[in-house]
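K.L.:
Which chain is which? The protein sequence lines are X and S, in order. Here the first sequence is numbered in the working numbering, starting from 1 and rising by one per residue. Here the second sequence is numbered in the working numbering, starting from 228 and rising by one per residue.
Since the hints were derived computationally from the structure, they do not count as laboratory data. Hints may be right or wrong, so weigh each one.
Derived DSS-like pairs: lysine-lysine, alpha-carbon spacing no greater than 25 Å straight-line [unchecked claim]:
| id | chain 1 | residue 1 | chain 2 | residue 2 |
| --- | --- | --- | --- | --- |
| 1 | X | K47 | X | K3 |
| 2 | S | K372 | X | K145 |
| 3 | X | K47 | X | K178 |
| 4 | S | K453 | S | K405 |
| 5 | S | K229 | S | K372 |
| 6 | X | K82 | S | K341 |
| 7 | S | K440 | S | K405 |
| 8 | X | K114 | X | K56 |
| 9 | S | K440 | X | K114 |
Partner residues are not named here, just some residues of chain S that face chain X (Cβ under 10 Å, in silico) [said to hold, decoys possible]:
| id | residue |
| --- | --- |
| 10 | F334 |
| 11 | A377 |
| 12 | I380 |
| 13 | M397 |
| 14 | S400 |
Backbone N, C-alpha and C define an ideal beta-carbon position, used for all residues, glycine too.
Number of protein chains: 2
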Amino acid sequence: MKKAVVLLSGGVDSATTAAIARSEGYSIFALSFNYGQRHARELESAKKIARSLNAKEHLVISFNLGSIGGSALTSPELEVPKNEALPPPGGIPITYVPARNTIFLSFALSWAEKLEAPDIFIGANAVDYSGYPDCRPEYLQAFEKMANLATKISIEGKLRFRVMAPLLYMAKSEIIKKGTELGLDYALTWSCYDPLPDGTPCMRCDSCLFRAKGFRETGLKDPLIKD
Amino acid sequence: MKKAVVLLSGGVDSATTAAIARSEGYSIFALSFNYGQRHARELESAKKIARSLNAKEHLVISFNLGSIGGSALTSPELEVPKNEALPPPGGIPITYVPARNTIFLSFALSWAEKLEAPDIFIGANAVDYSGYPDCRPEYLQAFEKMANLATKISIEGKLRFRVMAPLLYMAKSEIIKKGTELGLDYALTWSCYDPLPDGTPCMRCDSCLFRAKGFRETGLKDPLIKD
Chain X
1 MKKAVVLLSG
11 GVDSATTAAI
21 ARSEGYSIFA
31 LSFNYGQRHA
41 RELESAKKIA
51 RSLNAKEHLV
61 ISFNLGSIGG
71 SALTSPELEV
81 PKNEALPPPG
91 GIPITYVPAR
101 NTIFLSFALS
111 WAEKLEAPDI
121 FIGANAVDYS
131 GYPDCRPEYL
141 QAFEKMANLA
151 TKISIEGKLR
161 FRVMAPLLYM
171 AKSEIIKKGT
181 ELGLDYALTW
191 SCYDPLPDGT
201 PCMRCDSCLF
211 RAKGFRETGL
221 KDPLIKD
Chain S
228 MKKAVVLLSG
238 GVDSATTAAI
248 ARSEGYSIFA
258 LSFNYGQRHA
268 RELESAKKIA
278 RSLNAKEHLV
288 ISFNLGSIGG
298 SALTSPELEV
308 PKNEALPPPG
318 GIPITYVPAR
328 NTIFLSFALS
338 WAEKLEAPDI
348 FIGANAVDYS
358 GYPDCRPEYL
368 QAFEKMANLA
378 TKISIEGKLR
388 FRVMAPLLYM
398 AKSEIIKKGT
408 ELGLDYALTW
418 SCYDPLPDGT
428 PCMRCDSCLF
438 RAKGFRETGL
448 KDPLIKD
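With the hints as constraints, model all of the structure from the sequences given.
P.N.:
See below:
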């Protein structure tokens with residue numbers, strides 16, 4: 001069985017990406033990060049999703065991006081914007097975490113080299129997204145090129161790494177349709193950046209809004225939302 | 228004063244790199260990692276060097292690369308090779324840590340974006356080195372290119388990141404001469420991968436051997452070595 005490292009945050013996109021990798025016959029090595037995010041709640045979801053997809057391993061790496069700061073997701077003093085409409089106004093929002101996907105993909109590359117897994121899956125999406133630079137195709141291509149110059153296994157010619165982003169050009173509704181077809185249970189996922197004190201999604205951050213848009217456009221009910 | 232993030236392991240190369248950045252008028256933001264390395268002793272050195280160079284800040288980020296493994300520096304069950312000669316026999320040695328510089332540079336990029344510091348210094352050297360792929364110029368160029376596609380500040384055109392590797396083509400002896408000219412105290416540094424139980428350098432790992440070669444070729448005495 002071919003191996004893949006799959007970045008798994010616990011949200012709709014990464015869960016669907018993992019389900020796609022699984023459906024393509026990969027043995028899944030799921031990788032999550034406890035990085036000081038406000039919504040560490042997503043890690044419970046990542047754990048459940050990894051289990052539901054029979055991941056071979058689920059590794060959680062911990063570090064504190066709060067010590068760097070610069071994002072509403074890691075700095076308690078910065079508020080997560082609550083918007084009425086999408087796309088978010090004013091360009092790339094303050095929920096952007098400096099170089100986050102580069103950090104995540106770098107750990108994925110390290111593990112992939114150790115496992116001799118050529119393919120690294122990421123749920124990056126450049127359609128229904130907040131404009132984060134590290135979700136765009138030109139970024140992912142540059143990372144892949146760098147990765148193949150960075151590692152012993154690649155420069156020795158034993159393996160060539162690929163960064164796989166199957167959702168890159170899909171609307172959120174298409175993503176949810178695809179995951180539903182594959183039997184993914186979206187009740188296991190978590191999207192909200194700024195959970196309410198009672199542990200429910202805020203329904204007003206960009207991540208909640210994109211999720212709601214996706215379910216609305218598919219005509220499916222979000223199993224995470226109670227009536 | 229222009230700002231630079233400087234990767235500072237605590238060894239000869241990173242300390243000299245920091246001294247060069249300082250001599251070029253940079254305000255230094257030193258970045259070190261507690262990553263489960265066998266020679267965490269180097270972090271004491273990094274702290275002293277950062278202080279001696281009046282670093283504006285010294286940030287230590289912690290995570291455990293032992294959970295990924297694949298290197299004698301992070302896996303206690305793998306032995307650090309003890310050699311008689313340089314370059315190390317058999318190609319890239321087992322002290323290579325999968326994708327380590329990519330992980331380190333990714334955190335540096337994150338901090339540099341937060342600080343609005345365009346320049347990231349790394350003590351990579353492709354002359355007196357163990358052949359690690361992530362010390363070579365083609366790798367560093369690919370990282371720089373990726374970095375400028377990865378970040379909000381760069382794609383908005385506000386800043387262009389540069390990966391600065393002033394030691395890239397210098398022999399170890401030239402590095403030590405340069406640092407000595409700049410007043411760097413090499414007694415503060417640490418190189419050994421596998422310290423002896425009494426806390427002294429093993430003098431037989433590649434890192435010790437490269438260091439000894441450098442001092443021998445300069446005709447200077449290594450202040451870390453007791454008579």
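K.L.:
All hints, please: hold or fail.
P.N.:
Taking the hints in turn, this is what the structure says about them:
Among the hinted pairs, K47 (chain X) with K3 (chain X) is consistent with the structure: their alpha-carbon atoms are about 19 Å apart, no more than 25 Å. The suggested pairing of K372 (chain S) with K145 (chain X) holds, with an alpha-carbon distance near 10 Å, which does not exceed 25 Å. Note on K47 (chain X) and K178 (chain X): the hinted pairing holds, with a Cα-Cα distance of about 21 Å set against a maximum of 25 Å. For the suggested pair K453 (chain S) and K405 (chain S), the alpha carbons sit about 23 Å apart, so the restraint of at most 25 Å is met.
Using a Cα cut-off of 25 Å, the hinted pair K229 (chain S) and K372 (chain S) holds, with the two alpha carbons roughly 21 Å apart. Restraint check: the Cα-Cα separation between K82 (chain X) and K341 (chain S) comes to about 23 Å, which is no more than 25 Å; the hinted pair holds. Of the supplied pair hints, the one linking K440 (chain S) and K405 (chain S) holds, its CA atoms being roughly 15 Å apart against a limit of 25 Å. This hinted pair checks out: K114 (chain X) and K56 (chain X) have alpha carbons roughly 15 Å apart, not beyond 25 Å.
A distance of roughly 31 Å separates the Cα atoms of K440 (chain S) and K114 (chain X); the hinted pair therefore is violated under the 25 Å criterion. Hint status for F334 (chain S) relative to chain X: holds, with the closest Cβ pair at about 6 Å, below 10 Å. For the restraint placing A377 (chain S) at the interface with chain X, the shortest Cβ-Cβ distance is roughly 5 Å, inside the 10 Å limit, so the hint holds. About 8 Å separates the beta-carbon of I380 (chain S) from the nearest beta-carbon of chain X, less than 10 Å, and the hint is met.
At about 21 Å, the closest approach between the beta carbon of M397 (chain S) and any beta carbon in chain X exceeds 10 Å, and the interface hint on this residue is violated. The closest approach between the C-beta of S400 (chain S) and any C-beta of chain X is roughly 27 Å, which is over the 10 Å cut-off, so the hint fails.
Of the numbered hints listed earlier, those contradicted by the structure are 9, 13, 14.
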